Amino acid sequence: MAAIVFKGLTKTYGTAVAVDNFSAEVQPGRVTGFLGPNGAGKSTALRCLVALATPTKGRTRILGRGYRKLKNPQTRVGVVLDSRGFHPGLTAYQNLRVLTSMGGIDKSRIDEVLAEVELADARNKRVKGFSLGMKQRLSLASALLGSPEVLVLDEPANGLDPAGIAWLRGFIKSQAEKGTTVFVSSHQLAELETIVDDVIIINKGKVVAAGSVAEVTGGEPLEEAFLRLTGSGLS
Amino acid sequence: MRLLGAELRKITYQRAMWGLMIAGALFSVLGTASTPVILASSEDGLGFGTLAEQNVVDSVYANAVSGYIFAMLLGVLVVAGEFRHGTAVATFVAVPKRGRVLLAKMVAAGWAGLTLQVVATGAGIGSGYIALGFYPDAAQASQEIFINTALSGIVSGVALGILGAAIGALLRSQVVALIGVLLWLFAIEPILLLLVPEAGKYSLTGLMTAIVSLDVESDLVNFTTDSFLSPLLSILFLLGYAFVFAILALITSMRRDID
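Line by line, the protein sequences give chains A and B. Residue numbering for the first sequence follows the numbering used here, starting at -8 and increasing by one per position. Residue numbering for the second sequence follows the numbering used here, starting at 268 and increasing by one per position.
Among these hints, one or two may not hold up.
Unchecked claim - Derived coverage of chain B by chain A (criterion: at least 3 residues anywhere in the stretch with Cβ under 8 Å from a Cβ of chain A; other residues may be distant): (1) 268 to 274; (2) 278 to 285; (3) 352 to 364.
Hints are computed from structural coordinates only; laboratory data are not their basis. Owing to the predicted nature of the structure, the values given are computational and were not obtained by experimental measurement. Where is the CB? At the ideal position from N, CA and C, for every residue including glycine.
With the rest of the complex left out, here is chain A:
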């Protein structure tokens, strides 16, 4: 059974079509890159997947169910949608403590995940003093709190410096080695090329290619395949 399924997903805002009859599957235990230019509809599709947005048509499934139907989703799916998801006046610990209390997760997990994303030293610092890279790491820490089987990451490399991107690659690899399904969206290919098993390429709301990296690229570099398939330059 696929870990994530999009079936005929369409999302419109007024007359603008953000996602257009999008169908794709993410296989369990693999790292799948969700690629597309800016504005291709990646974030909208992910927001529909985790029930933040209601599809105009079609449906999404994660671990065999709609996201809202998952029992205590924090313990099944870890989600990183943007780095703004923390109260700036609260410390890293306090922000995560709120999330553990919402999900009934043991608070001992907080120090574990902070160590995992190398933020243990910033445990009692207020988030308003965090760099963008630190906020991204804190977002990843929050996604790991419930030890989920699936990670959904939307543009996790945004704003990261080269060292941060290298760290992120290592992080995703380590999650994959544990058997976690990772679904990671990005419009930057270099950061993903070496770590993804499969790719789904979306452009103007529609799937233009999906499959293993080898199937989609046909042996050419991912960037060249992406440009050919989307018919546009990278932003």
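Starting from the known structure of chain A, fit chain B onto it as the hints suggest.
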């Protein structure tokens, strides 16, 4: 219970919430303690009468509920603050059943509003007692005024905390919600009370004053409590407003995407 605990935790972690608690208590203290001074500054207490009259002394203590404004602001922050800081995404991803989340937020806002008003009203009554001590000719307050003021503080704290949270959920924009609430309470309600008393008695201020059961009037400022509703009816109206807005917020939040 788990969600309610998380929401209460959010409130206690935020400095702004403690700031509102303190501001509510200070506002109540200043409002109550300054009333004898203002009334004594004119011969007939601005038309309300002198401190030698029991109903005038009662009206001093009635001001102890004035921290309700901050209970409502606190309620607004409980929900609209989540959208302002972007934490709404994390909240609704953690618990995608929006109705449960909003219900927990409203109960937490009602609880926090109650706590604020209990502290503020208590502090206000204490400050009124001290301030009246400087006026040896002041009459003894009625026993009922303390019970009624406490009741008004409790009901207003719960109702306005929930109402604020519902308005925050409906508007989502913290700035718009806060400005809207302040405009309503400081501009529209006073105008209604003084210029259109038949409508003003249904205003939040009118209902809270009615719960206190004050019997005052002043030709000078064109104010009378004669036509106000009964305390019981006022409590029902106040809780009814909170209930109606809470239902509206719950219904609309199901249909809207979270940004």
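Evaluation of the provided hints:
Here the stretch 268 to 274 of chain B counts 4 residues with a CB under 8 Å from a CB of chain A, which clears the bar of 3, and the coverage holds. Check result for the stretch 278 to 285 of chain B against chain A: holds, 4 residues qualifying (beta carbon to beta carbon below 8 Å, three or more required). By the rule of at least three residues with a Cβ nearer than 8 Å to a Cβ of chain A, the coverage given for the stretch 352 to 364 of chain B holds, with 12 such residues.
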